[in-house]
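Heads up, our numbering is the position in the sequence shown plus 112, with the first residue counted as 1.
Because the hints were derived from the structure by calculation, they are not lab data.
Be a bit skeptical, because a hint or two may be false.
Ranges between beta-carbon positions, derived for each pair [said to hold, decoys possible]:
no. : residue 1 : residue 2 : range
1   : 162       : 209       : 25 to 33 angstroms
2   : 258       : 224       : 45 to 53 angstroms
3   : 240       : 165       : 25 to 33 angstroms
4   : 255       : 137       : 17 to 25 angstroms
5   : 190       : 133       : 38 to 46 angstroms
6   : 246       : 124       : 18 to 26 angstroms
7   : 174       : 247       : 24 to 32 angstroms
8   : 195       : 158       : 22 to 30 angstroms
9   : 151       : 258       : 38 to 46 angstroms
10  : 126       : 195       : 41 to 49 angstroms
All residues carry an ideal CB built from backbone N, CA and C; glycine is no exception.
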Amino acid sequence: MKLLGTALLLWGSLWVRRLLARRRRRTLAWGEEMCRMLDLLYRGMVHFRWPLPRILRGCRAESRETEDFWGTILEGLGQPFPALWRAAAAVAPPEYRPWLLPLGDSLSAGDRPDLINLTREEVYRAAEGLRRQQRERDRLETALCLAASLMTAAVLL
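Put together the whole structure using the sequences plus the hints.
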């Protein structure tokens, strides 16, 4: 019975660690996908000269993680674009919001498509920083979860 209890404690601690890691992986995947979508937005505006609604529909169709972001913008088309972009940025993970917020104003002015590339680079840097942190945190969380569960098992035994 004691062995079963110890095994359950270990399983529970690894499950908690897995949930924490999954949440970080989703945040990282969101940033990586946003980089791709910002590149698509830039190419659509600068190279192909497509209308913005067409580009936004393409971004939404190609996205999985950032679908809520692009959906928020598409659903509100007809309203002032900076407000739509800010509402969409509110859906974004907090790690990326500071880089995304200023882009809405520049896109509505239509005179600074180069800011899309700058924003993409900053989002990419933020995602790379999260990737480095994730590796370190994964190791630390695994060690802490296992140590806590083994300590609990030792106390209970």
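Hint check results:
Between residue 162 and residue 209 the CB atoms are about 26 angstroms apart, so this pair conforms to the stated range of 25 to 33 angstroms. About 50 angstroms separates the C-beta atoms of residue 258 and residue 224, a value consistent with the hinted range of 45 to 53 angstroms. In this structure the supplied range 25 to 33 angstroms holds for residue 240 paired with residue 165, their Cβ-Cβ distance being about 32 angstroms. At roughly 19 angstroms, the beta-carbon separation of residue 255 and residue 137 lies within the given 17 to 25 angstroms, and the hint holds.
Look at residue 190 against residue 133: about 41 angstroms separates their beta carbons, and that is inside 38 to 46 angstroms. Hint check: residue 246 to residue 124, Cβ distance near 22 angstroms, so the stated range 18 to 26 angstroms holds. Range check, residue 174 to residue 247: Cβ separation about 28 angstroms, and the 24 to 32 angstroms hint holds. Look at residue 195 against residue 158: about 24 angstroms separates their beta carbons, and that is inside 22 to 30 angstroms.
Between residue 151 and residue 258, the C-beta spacing of about 41 angstroms keeps the proposed range 38 to 46 angstroms intact. At about 44 angstroms, the beta-carbon gap between residue 126 and residue 195 stays in the expected band of 41 to 49 angstroms.
When the structure is compared with the earlier hints, no violation turns up for any of them.
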